[in-house]
Amino acid sequence: MTTRRAAYEARQRRRANLLAGGSTAVVLALLLLLVPRAPGWQAVRASFFNGEVFARTFPDLLSAFLVNIAIFAWSVPFIAALGLAIALARGARAPVLFPLRVFGAIYVDLFRGIPVVLLVYLVGFGIPGLGLPRPWNSPYIWGTVALVLTYSAYVAEVLRSGIESIHASQRNAAICLGLSERDTMRYVILPQAIRRVVPANMNMLVALQKDVALLSFIGPVEILRQAGIFKSLLANFTPYVVAAVIFLCVTVPATRYADYLMNRDRNART
Amino acid sequence: MPEPRLALRGVTKSFGDTAVLHGIDLSVGLGEMVCLIGASGSGKSTLLRCMNGLEPVDNGEVRLDGVDIAEPGFDLGPIRQRIGIVFQSFNLFPHMTAFDNVCLAPRRVLRTDETALRTGVQALFERFGLGGHMGKYPDQLSGGQQQRVAVIRALAMRPQTMLFDEITSALDPELVGEVLDVLRSLRDDGMTMVLATHEMGFARELADRICFMDKGVIAEEGPPETIFTAPGNARTKQFLASILR
Chain A
20 MTTRRAAYEA RQRRRANLLA GGSTAVVLAL LLLLVPRAPG WQAVRASFFN GEVFARTFPD
80 LLSAFLVNIA IFAWSVPFIA ALGLAIALAR GARAPVLFPL RVFGAIYVDL FRGIPVVLLV
140 YLVGFGIPGL GLPRPWNSPY IWGTVALVLT YSAYVAEVLR SGIESIHASQ RNAAICLGLS
200 ERDTMRYVIL PQAIRRVVPA NMNMLVALQK DVALLSFIGP VEILRQAGIF KSLLANFTPY
260 VVAAVIFLCV TVPATRYADY LMNRDRNART
Chain B
218 MPEPRLALRG VTKSFGDTAV LHGIDLSVGL GEMVCLIGAS GSGKSTLLRC MNGLEPVDNG
278 EVRLDGVDIA EPGFDLGPIR QRIGIVFQSF NLFPHMTAFD NVCLAPRRVL RTDETALRTG
338 VQALFERFGL GGHMGKYPDQ LSGGQQQRVA VIRALAMRPQ TMLFDEITSA LDPELVGEVL
398 DVLRSLRDDG MTMVLATHEM GFARELADRI CFMDKGVIAE EGPPETIFTA PGNARTKQFL
458 ASILR
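Protein sequences appear in the order of chains A and B. For the first sequence, counting from 1, position 185 maps to 204 in the numbering used here; every step adds exactly one. For the second sequence, counting from 1, position 231 maps to 448 in the numbering used here; every step adds exactly one.
In isolation and in its complexed conformation, chain A is listed as follows (with noise of 0.2 Å):
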C-alpha cells in the first residue's frame, strides 16, 4: 500500500526528473545549434575532430600510453617507500634523529614547492649533463627521478596527516601494553593511518598517471610525445584529442573511485 507520505514524494520526483531533463535538453540544444555557428567551427573540426586521423593514429597513441602505464607502475613503489620513509622521519622525535626532522621538512618544502615541469627539466637535463655513462643517463632514469622526487613529498605529507589523526588513546593503549615506540607505530598507528589516507593517495596517484606526460618534454616517446610526432607528420591536432580520450579512459574511473572511496569513509565514520 502507499502512504500518502511516499505518494508526494513519488510526484515531487517526477516533477524533478522533468525539469532536470526539460533544462539539459535545452542546454544541449543550445550548444549543437550555436557551436556550429562559430566562424571558425569547420576549421576547428577539421584539425581537432577528423575521424579518419582519429583512426589512423589510435592504434599508435594506444601503444605510446603503455609507456606512460611503465613509467607509472615503476615509480609508484619507490614514490610510496620513499613518501613512508619522509613521513616517519619527519615524526621522529628523539633528539639524535634530529638532523632527520630537518631534511624531512627541508625535503617536503623543497619538492611540493617546484612545479613538477621545472624539476622535470632541472633533474631530466641537467644530471645526465655531469658527462654520465649510458645507459645512465637516460631521461626514463631521471624523469622517474623527478616525479618520485615530487610525488613523494605530497604522498609524505598525506601520510603524516594521517598518522596526525590517529587518536591518542590508541597510542596510550599500545604503550600501556608494554610495545615499544617502534612497534606502537608498526603495528597499531601506521596500519590504521595508512587505510585512513588509501581515497586521498589514490587522487594522488590520479595526478601522478597524468604528469608523467610531461617527461615528453625531455625525450621518452609516451603518448603525449607520439601524439606531437603525429600532429607534425599529419598537420593535424586530432592525435591530440586521441590522447586526451584515452587518458580519460584511464582518469575517470581513477577518479570515480577515489570518490567512492572517500564516501565510504566519511559514512563509515558518522
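Since the hints were made in silico from the structure, they are not lab data. Hints should not be assumed to be uniformly reliable.
To be verified - One-sided and incomplete, this derived list gives chain B residues near chain A with beta-carbon spacing under 10 Å:
(1) Ala236
(2) Arg266
(3) Leu271
(4) Leu293
(5) Gln298
(6) Arg299
(7) Ser306
(8) Phe310
(9) Met313
(10) Leu321
(11) Thr329
(12) Ala371
(13) Arg421
(14) Leu423
(15) Pro448
As the list claims (entries may be wrong) - Here are the simulated distance ranges between beta carbons:
(16) B:Glu391 x A:Thr274: 40 to 48 Å
(17) A:Ser199 x B:Thr446: 23 to 31 Å
(18) B:Gly258 x A:Ala29: 36 to 44 Å
(19) A:Ala226 x B:Gln357: 54 to 62 Å
(20) B:Gln357 x A:Pro154: 48 to 56 Å
(21) A:Arg205 x B:Arg335: 20 to 28 Å
(22) B:Gln357 x A:Leu149: 52 to 60 Å
(23) A:Leu81 x B:Asp330: 54 to 62 Å
(24) A:Ala100 x B:Asp405: 49 to 57 Å
(25) A:Arg275 x B:Gln357: 28 to 36 Å
(26) B:Tyr354 x A:Ser199: 36 to 44 Å
Keep in mind the model is a prediction, meaning the values are calculated, not measured. A virtual CB, placed ideally from N, CA and C, is assigned to each residue, including glycine.
Following the hints, position chain B against chain A.
Relative to the frame of chain A, chain B by itself:
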C-alpha cells in the same frame, strides 16, 4: 608488615596551571581491591594514569613492589608488563580481530611461543564468555564484549596488578553487569586491583577499601561499610547523598 604492592606518597600532578592531584598518599596491599570514588574531575583517572606512568607525576613517589617508578627517567617499559590498565573507552585496535588485539603484545613483548599463546588466549576468551567472538573485529562486538576483550588483552600480559578507569561508564546499562562479572571473577583470583568507578553497589559489595576523592585529594578512606553507612567527611556525605538518591 609486608611491602605493599603499590604505595604512593605525596604524589602531585598539574596540567599546565591546573593542579589536579595535591599530594596523594595511598597504599594497596597484595590481592587488595581498592575503589576510587568521587565526582568527575576529582582526579580519579589522573591518579590511575600516574600509577602506571602513563602520566608522569610532578612530585612524590609511586612504588610498585618497592621500586619507585615515578623517578624521572625511569624506564617504564618492563613495568608496563606487570601493571595492566583498562580504559573507559575500550581503546581496542579497530584494524585487528579481537584475537589479534589480545595476541599483539605477548607476541612482540613477551615473545611467547605461538602454540602456548594461542591456547592461553583461547582459554581467556572462553573464561569470559567470548569463545565464539575471537575472529570478530571490534566494530562487530557490543560495548560490553569490547570491554571484556580489552580486559583479556591486559590480562594476556600476565600483570600482577590491574587498574580500571571507569570501565563501565561508556556502556549501555544492560551491558554493565557482564563487565562487572569479569571484575568479580578477577577478584576471586586474588588479583590486586584499583578501580575508578561510579558503580557504588559494586564497590560496596566487593571493595576492601573505598577512597573518596575530592578536588585532587583523598578526602576520606576506609572500609565500604564505614564509608557508605557512616561517612565522617561532610563532602563524602554530600557526594553519596547526590549519587545514591
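Verification of the supplied hints:
The interface hint given for Ala236 of chain B is broken, as the beta carbon of that residue sits about 22 Å from the closest beta carbon of chain A, more than 10 Å. With a cut of 10 Å, the hint placing Arg266 of chain B at the interface with chain A holds, because the nearest CB-to-CB distance is about 9 Å. Because the closest C-beta pair between Leu271 of chain B and chain A is about 6 Å apart, less than 10 Å, the hint holds. Taking 10 Å as the C-beta contact cut-off toward chain A, the hint placing Leu293 of chain B at the interface holds, the least distance being around 8 Å.
For Gln298 of chain B, the shortest C-beta to C-beta distance to chain A is roughly 4 Å, which falls under 10 Å, so the interface hint holds. At its closest, the beta carbon of Arg299 of chain B sits 9 Å from a beta carbon of chain A; the interface hint therefore holds under the 10 Å criterion. Among the interface hints, the one on Ser306 of chain B holds; its C-beta lies about 6 Å from the nearest C-beta in chain A, closer than the 10 Å criterion. Hint status for Phe310 of chain B: holds, given a least beta-carbon distance of 6 Å to chain A, under 10 Å.
At its closest, the beta carbon of Met313 of chain B sits 8 Å from a beta carbon of chain A; the interface hint therefore holds under the 10 Å criterion. About 6 Å separates the beta-carbon of Leu321 of chain B from the nearest beta-carbon of chain A, less than 10 Å, and the hint is met. The criterion of a C-beta within 10 Å of any C-beta in chain A is not met by Thr329 of chain B, whose closest approach is roughly 12 Å, and the hint is violated. Residue-level restraint check for Ala371 of chain B holds (minimum Cβ-Cβ distance to chain A is 7 Å; threshold 10 Å).
Residue-level restraint check for Arg421 of chain B is violated (minimum Cβ-Cβ distance to chain A is 28 Å; threshold 10 Å). The interface hint given for Leu423 of chain B is broken, as the beta carbon of that residue sits about 24 Å from the closest beta carbon of chain A, more than 10 Å. The interface hint given for Pro448 of chain B is violated, since its Cβ lies 33 Å from the closest Cβ of chain A, which is over the 10 Å cut-off. Look at Glu391 of chain B against Thr274 of chain A: about 46 Å separates their beta carbons, and that is inside 40 to 48 Å.
Under the hint 23 to 31 Å, the C-beta atoms of Ser199 of chain A and Thr446 of chain B, about 48 Å apart, miss the expected range. Gly258 of chain B and Ala29 of chain A have their C-beta atoms about 54 Å apart, which leaves the hinted 36 to 44 Å range violated. Between Ala226 of chain A and Gln357 of chain B the CB atoms are about 36 Å apart, so this pair departs from the stated range of 54 to 62 Å. For Gln357 of chain B paired with Pro154 of chain A, a C-beta distance near 53 Å keeps the hint of 48 to 56 Å intact.
At roughly 22 Å, the beta-carbon separation of Arg205 of chain A and Arg335 of chain B lies within the given 20 to 28 Å, and the hint holds. At roughly 58 Å, the beta-carbon separation of Gln357 of chain B and Leu149 of chain A lies within the given 52 to 60 Å, and the hint holds. For Leu81 of chain A paired with Asp330 of chain B, a C-beta distance near 56 Å keeps the hint of 54 to 62 Å intact. Between Ala100 of chain A and Asp405 of chain B the beta carbon distance is about 52 Å. The supplied range of 49 to 57 Å therefore holds.
At about 29 Å, the CB distance of Arg275 of chain A to Gln357 of chain B agrees with the hint of 28 to 36 Å. Taking the beta carbon of each, Tyr354 of chain B and Ser199 of chain A are about 25 Å apart, not inside 36 to 44 Å as hinted.
Going through the hint list in order, the structure does not satisfy hints 1, 11, 13, 14, 15, 17, 18, 19, 26.
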